[in-house]
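Input sequences plus hints: build the corresponding full structure.
For the record, the sequence lines run as chains A and B.
Just so we're aligned: 156 in the numbering used here is position 156 of the first sequence, and the numbers increase by one with no gaps anywhere.
Just so we're aligned: 1133 in the numbering used here is position 133 of the second sequence, and the numbers increase by one with no gaps anywhere.
Hints in this document: simulated from the structure, not taken from any laboratory.
Any given hint could turn out to be false.
[As the list claims (entries may be wrong)] In silico SDA-like cross-links for lysine to any residue, where the CA-CA straight-line distance does not exceed 25 Å: (1) B:Lys-1071 - A:Thr-159; (2) B:Lys-1101 - A:Leu-184; (3) B:Lys-1071 - A:Gln-80; (4) B:Lys-1020 - B:Ile-1346; (5) B:Lys-1103 - A:Pro-181; (6) B:Lys-1103 - A:Arg-158; (7) B:Lys-1101 - A:Met-180.
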Amino acid sequence: MKKFAAWAILLLGVTYFVLPLIGMTEFSLSMRRGEYSFDAYAKVLADPQFRQTFGYSVIMSLMTIAVGVLLVVPTAFWVQLRLPQIRPLIEFITLLPLVIPAIVTVFGYIRLYNTSSWLPLTGSLWGTNFLLLMGYSTLSLPYMYRAVDTGLRAIDVRTLTEAAQSLGAGWVLILARVIMPNVLVAVLSGAFVTFAIVMGEFTMAALLNRPAFGPYLQLMGANKAYEPFALAVIAFAITWACMGLFQLVTRFSKHTKAAG
Amino acid sequence: MSFLTIENLEKSFGANRVVKDFDLSVEKGEFISLLGPSGCGKTTVLRMVAGFETPSSGIIRIDGQEVVRLKPNQRNIGMVFQAYALFPNLTVAQNVGFGLKVKGTPKSEIDTRVAEMLDLIGLSDLGGRYPFQLSGGQQQRVALARALAPRPQVLLLDEPLSALDAKIRVSLRNEIREIQRRLGITTIFVTHDQEEALSMSDRVVVMHEGIADQVGTPFEIYNAPATRFVANFVGTLNTLEARVLDPASGRVTLGQTEIALNRPLPGPTATLGLRPEMVSLGRGTHDTALSGTITEVDFLGSVIRLRADLGGQSLAFDTFNTNRIAPPKVGDRVELGIDAGDLLVIEG
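Next comes the structure, spelled out in structure tokens:
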């Protein structure tokens, strides 16, 4: 009886999540009257604006991941190694982007870095892209920091660092050859979440007027019937591909097999 | 001049002085153990030599060079940790070759040295394995090979056997000592296990509350402890209160027995120490006989540990098990033989 109840709950949960997806996919395939087709997908993929915004967001995602890794890994490493007493403060700071809405952050940016300010970043494309990159990095901070911190806690950072030091290694070498490879799976999990966040982000990109995928999704949603659903399915596929890739990396990471 | 010299070393964490006025001279090729209970400062001393802690004051010299200002990666010191600390992402061979790679040694030279080190620890076939594929003992041997590969000036061992089971511990400690002798490398070994310290070391430093209570050979430490702490910490020791009859000649009474210690004693009473193995059941050839009542009998197999009451004072002693003579029972009156020369006068 207990087993039946468990299966029933699981089935209910799966139905709750899967049914809308099936509906969405079914609708995205119904552009041609009376039969299923990929017309909506073909239209979306042929749209030069799709390619431009998608490409822009992919590049921004990769750059955000790079900034996140360069910022978070050394910070989390140093906090763990030398400043464990400030961990609550760092955790509080990294949680702020979840509390402060993106719209507040971006208005702050515009106010601080507008064309009449001492650092007029919004006055140039390069500057605005840089602002957006920083915004994205801020948004991804809670996820990236937590992922890396969890990864670091799983290894004996202090002893590994001291062992490497006693063998003549300096800080850069320790981070690159000892710490990073051992938190790679954690970094990747943070990176994939970051990728998903940046690909779907609307507020910052729209208010800074950059050609990102988020505003394009909104634009299509407001003006077309079938194409937005095709786009939503594509976005889901990207997220799932990221998750699959993450699983693959975890599985093929030889030295982490012991934990499994 | 000694190869490694530590002078007036001090370390405080806030108001807590964990190492106090510590001095030590280690000769080239010597194996020294820092022995003491948890929190006595032995690991802190080791970490200061390695460069992981900065001394509050004092000098550390290795081969004549002052090293306190050098970073850990500039000291050319090999270290083995309790938790192995092998790099999980590298194979055994890559772990062993890590220090050489950091130094920029040519690959062919690294390969030769790694093979030599793996041969030294008897793991030549396991170079391609990852640390998680090895047992604890194998991991610690790899850690030793890794520390030795870059030819360090000094080898530091921070309780390297503590995480291993008893059998492996004994075989690995013999192996470590054998390798150390063969390479002639100056070694400092930190342990809280007196058996390890006594069996492996040329000299032992017994530490207590941040101070080196006694530095000596294992024989000196065991047989002539300099302080009450050393006497109690190293081995099992009976402490007996004696009444001094003649301070100048050292005549005392222990229970009902008068004993001539033939050395001056300070006060009206003296604390004497006696190792259990120095006491025999029956007077035999000993010069002094004590009489007592058996209060405890512990059968330990080859040895029987007994405890006797000597008129209010308790004395533990051991006797070998033999199937010809039954051990005494609780309540039996017995005569115990000791030599006055085996009694230690405990000071401090």
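task = Go through the numbered hints given earlier and state which of them the structure violates, listing their numbers in rising order.
result = none
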